[in-house]
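These protein sequence lines are chains A and B, in that order. Counting with our numbering, you get residues 1344 to 1804 for the letters of the first sequence. Counting with our numbering, you get residues 8 to 157 for the letters of the second sequence.
If you are wondering where the hints come from, they were derived from the structure by calculation, not from laboratory data. Quick caveat, the model's predicted, so the values are computed rather than measured. One thing to keep in mind: the hints can contain errors.
According to the in silico footprint, chain A covers these stretches of chain B (three or more CB under 8 Å from chain A) [stated by the list, open to error]:
hint, region
1, 81 to 87
2, 115 to 123
Computed cross-link-like contacts, DSS-like style, restricted to lysine-lysine with a CA-CA straight-line distance of at most 27 Å [what the hints assert, rightly or not]:
hint, chain 1, residue 1, chain 2, residue 2
3, B, LYS25, A, LYS1732
4, B, LYS152, A, LYS1714
5, A, LYS1732, B, LYS24
6, B, LYS25, A, LYS1550
7, B, LYS152, A, LYS1797
8, A, LYS1730, B, LYS25
9, A, LYS1366, A, LYS1603
10, A, LYS1732, A, LYS1641
11, A, LYS1714, B, LYS53
12, A, LYS1715, B, LYS146
13, B, LYS24, A, LYS1730
14, B, LYS53, A, LYS1732
15, A, LYS1797, B, LYS29
16, A, LYS1550, B, LYS152
17, A, LYS1550, B, LYS24
18, A, LYS1715, B, LYS29
19, A, LYS1440, B, LYS53
20, B, LYS29, A, LYS1730
21, B, LYS53, A, LYS1736
22, B, LYS25, A, LYS1440
23, A, LYS1736, B, LYS24
Examples of chain A residues toward chain B, derived with CB under 10 Å [unchecked claim]:
hint, residue
24, VAL1637
25, LYS1715
26, VAL1796
For every residue, glycine included, the Cβ atom is placed at its ideal position computed from N, Cα and C.
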Amino acid sequence: MSFFFSVLSLEVIGFFFMLMIVKRRRYPCPIAELASLSYFLGMGFGVYFLMLYHFAGLAFTFAHVVSIPVVMAILTAAYYFSRPERGRELAPEARWKRWNLAEWLLALGVLAQLVWIVFLVIPVPVSSHDAVANYALKAKIFYFAGGIPAGYPAWNEATVAHPGYPPLLPLLMTWVYCFTTFDDLVVKMLMPVIYLAFIVLFYSQMKRFFTRAYAMLAVFLLATIPQLADYATRMYADLILAAFITCAVGYFMLYVREMKSVYMVLAALLMAFSLWVKNEAIVFTGVFAICSIVLCKKTRPSLKQRAFRDTVMALLVMAAIAAPWFFAKLSGGHVNSDIDLARLTPERLWQNVKDIPVMLNLFQQQVFGPKKWNMLWVMVFAGLIWKRKSLWKGECFYLTLFLVLSIAGYFAGYMVTTGENLFFYVNTTLSRFMLHFCGISLFLLAFLVYDDVKQLPSFGE
Amino acid sequence: MSPEYIFMNMKFGMLTKKQLLKFTLIVWIILWMFFLVREDKDGQYKRLAYFYTHGYGDNSRYIMGPDLYDFLVFSRRNIPDGSTYQLIGFERFSIAEVRARYFLWPLRSVSEDAEFKIFYGGKDAEVPGYVLYRDYDGKGVILVKEGGVR
């Protein structure tokens, strides 16, 4: 029950942002989208507030933590109760179209996958290597210390692994512990909740582009990717990063289509919070900024000014959200032990270049191996080849650009690794890194083959 | 014949688009169900059955292995909160070492000048400047800095 309240508290924070700052009249999205998006924003802002507490010297106690959502809930309730007619904004959409058989079957498939994930998560405490070393230990430290301990950034690896690693997941776990007390069994339920929020938000975005059945098909494919489902059972940050990035790109694509400022703000927020999740998010946020600038250049002259204004606003939002974490990181003087440009010699770079065939070999094993990806990458590559002429046209242009630049960024990251050899890094990270791209790739595939699939009776208008 | 009809029946190699989509979906679902229920690791279901029928402590013991878990419980009980220690007898950054550090917190692992040395699997451990503090049935010992906590 306490876990439920911890999740609810994050929802309340997200709701507050969506209802009181974005406001329903600016963005009247369906309730499912509101709830799932609120959860992501709640996670982001919740962790953001914990970092501000740390700067202010306030302890991470239940009273301090719960005061944020309680104040927000009171303000939101006051807003709606002061003028009851505002309550109509929250009413669900009146029209409910019956689902066809394909939609029911696909929804049942997603539900079966979710139940299976919960079944696997319930009895097992946090135990896998990175989950313990990188996240659970930090959360335990923060919880028992009542905050981020003094001198923590300077602690060496014998005490805690990578103290300069983005703190969203450990702080999120600490948030839950403030409600549940220390319980590393129940805290694992965060992952199925994040998985659920991700697929609901992905579905909501797909439904804005495509028919409901087609959106359901895409969600079924996403939700049943073995690697994605597997990461919903472990306390790793990769699923969270994939969720933030995919949904940010979804809002960016909605902005490309409709040019509504609110989409750009939501994309920027999700992108910015991803910087709190994993260092790899730096690549995605950089590419997001490039894509936004390209959009400004390519858009119609009548919309150029708006695109420019929204891009500037997005960059400011990202800077404001990322600032506390980067301030903490830079003031801690952390050095990345895997990529240290000061240690990158031409010999090391050449060695990495010579190891590219090793990387490609591991990559093809991932692409063609169904154990982790089912047929996802085979389908994506087949789609890319089949629809190669559409890749750089219309809306697909931005998705293709985003993917190409992000992959180039990851590739460059591999090339400048300075710790272990390249095989070690690729072997231990490739399948996780591919998880970051699977949602966006599915988005692109959905755009590419929509015209063909919608001709079929079950997936058409 | 309408353009839609022609489009729908356009050949894609040997298959129409409809057949291709059906085929892809069927293969996807078969693979999905296979990998969903197949044991990810040997003994996965046996482990799950154990986890569902036992409590938190037993499950942690099962995951870490009884020897390590019991020794860590012993260490945790005997070393005062907030003390620093060094783990010996573990491969550096191995899963066992990482789990041990996690389990032992709020005892703090340090790389040098620890108040305690925790030897897992060591009987006759001798370190200059440290003396025997506790012995766990020959399966491990805890040393304490000379003049430190007793």
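(Q) Let me make sure I understand: some of the numbered hints might not hold for this structure. Which ones are they, in numerical order? (A) 1, 4, 7, 12, 14, 16, 19, 21, 24
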